[in-house]
Amino acid sequence: MRHLENLDIRNKKIIDAVIEKANNICPGSLALIGVYGSFATGDFHEKSDLDLLVLINDDNGWQLGCTFIQDDLKVGHDIYCTTWEDLQNDSLYNNPNISKLMDSKIVYCADMKYADNLELLRKKVIDILQAPFSMEDYMKAEHMMREAEHYYMLAMISDDMDDIWAQSGNVIYYIENAVAMLNKKYFHFGTKRTYEELELMEKRPQNLCGMIEDVLSANAAGDVKNYLTILIQETVRVCRESKEDVLILRKSVTDDVITGTYEEMYSNWRNKMYSAVQNDDRHLAFMSLISLNEMIADVGNEADIAKYNVLNGYDSQNLSKTALSFDDTINEYLKEYKKIGLQVKRYADIDAFVRGYLRS
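The opening position of the sequence shown corresponds to residue 69 in the numbering used here, with each subsequent residue numbered one higher.
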């Protein structure tokens, strides 16, 4: 118990020092101080450092930041300052590492209005977390997966073991974040309890933590890459299942979702396709199909449209066949217009367009 009392005394001295320094060199800059991390969760020990939310109102407050080593306990401390803009960004829930915002216990507040503002930001996050899982939520998780896939690729093409380990760490970090986002959770505890928190999440690969351990236990570059591949594949599978779940909830096709989409497809890529045929330009043909595929996928994320296998139409040896497949796809897409009685905007010539455009 004695060492716990000493930690309480130490923590109070640090907090009091920050308050005193703020009063001396930047009065009005310090909004509030909160304690998060192990001393907020009760997960601390005699070597735990003190994690502080030092919330500042202006640039003068940056002077309160400090990092130092406490020799008698062999403990390092970092007093970082946080701005309101930082917390506002956290309140958007674009990543699951927001315990500083959500879990900090206020130990000093210069004015109650600051505590009220903090609660408003927390309420914003709570509202997001409690809302049904949506395509927007999925896209946030997918962003994390794209980062994981990026670093996976860097690991796979590297021959340097140090670099492979570095990229593997990035892969693991972003996969853990992606899983948390799929479950609309945030990490309450430190890294030492990440596995514990991940195991409680419903949407995750089976044996997620075991697969991460496989990566970390590997001795050779080839083994690391093999285990990373398994980890990526399984997490991608769970992400796709989550996407399918949310796509079931897509709204019906309406004017606001698809109006102009056929015309845009025709305008952007049809002539490019036939130019590719004339010039035997595989790159132009293929990338035009890729663009069409992406656009249809974007529409499909918003509304319940049919499935279109756009890329099945690519024939590297017969670009004329590829162009005809393009036409077949966009003509088939017209059925989405017919579902809601939407007419394609066509004009016989530019004069007819001008007349119609000015009338509308």
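If you're looking for bench data, these hints aren't it; they were derived computationally from the structure. Computed from a predicted structure; not experimentally measured. Here a beta-carbon is modelled for each residue, glycine too, at the ideal position from N, C-alpha and C. Check the hints yourself; a few may be wrong.
Taking lysine-lysine and the BS3-like style, the derived pairs with C-alpha atoms no more than 27 Å apart in a straight line are [unchecked claim]: (1) K253 x K271; (2) K260 x K115; (3) K389 x K403; (4) K375 x K389; (5) K311 x K375; (6) K181 x K168; (7) K173 x K115; (8) K311 x K252; (9) K192 x K89; (10) K413 x K375; (11) K192 x K115; (12) K252 x K168.
FRET-style restraints, in silico, Cβ to Cβ [said to hold, decoys possible]: (13) K81 x G110: 26 to 32 Å; (14) V143 x L197: 50 to 56 Å; (15) S428 x E264: 57 to 63 Å; (16) W233 x F257: 22 to 28 Å.
What's the verdict on K192 and K115, does the C-alpha distance respect the 27 Å limit or exceed it? 34 Å, violated
Satisfaction of hint between K168 and K252, Cα-Cα up to 27 Å: This hinted pair holds, its Cα atoms lying about 17 Å apart.
Does the hinted range 22 to 28 Å hold for W233 and F257 at CB? 24 Å, holds
Given the hinted pair K413 and K375, is their alpha-carbon gap at most 27 Å? 24 Å, holds
Please work out if K181 and K168 have their alpha carbons no farther apart than 27 Å. Cα-Cα ~19 Å, so holds.
Please check whether S428 and E264 have a Cβ separation lying inside 57 to 63 Å. 60 Å, holds
Decide if the proposed pair is consistent with the structure: K192 and K89, CA atoms, cutoff 27 Å inclusive. 32 Å, violated
Are the Cα positions of K375 and K389 separated by 27 Å at most? Holds, because 21 Å separates the two Cα atoms, which is no more than 27 Å.
Range hint compliance [Cβ, V143 to L197, 50 to 56 Å]: 33 Å, violated
Starting from K173, check that the Cα of K115 is at most 27 Å away, please. Distance ~20 Å between K173 and K115 Cα, so the pair holds.
Is the distance from the Cβ of K81 to the Cβ of G110 consistent with 26 to 32 Å? This hint is violated: roughly 21 Å between Cβ atoms.
Do the alpha carbons of K311 and K252 lie within 27 Å of each other, as the hint requires? Holds, at about 14 Å.
In terms of the numbered hints stated before, the structure departs from hints 9, 11, 13 and 14, listed from lowest to highest.
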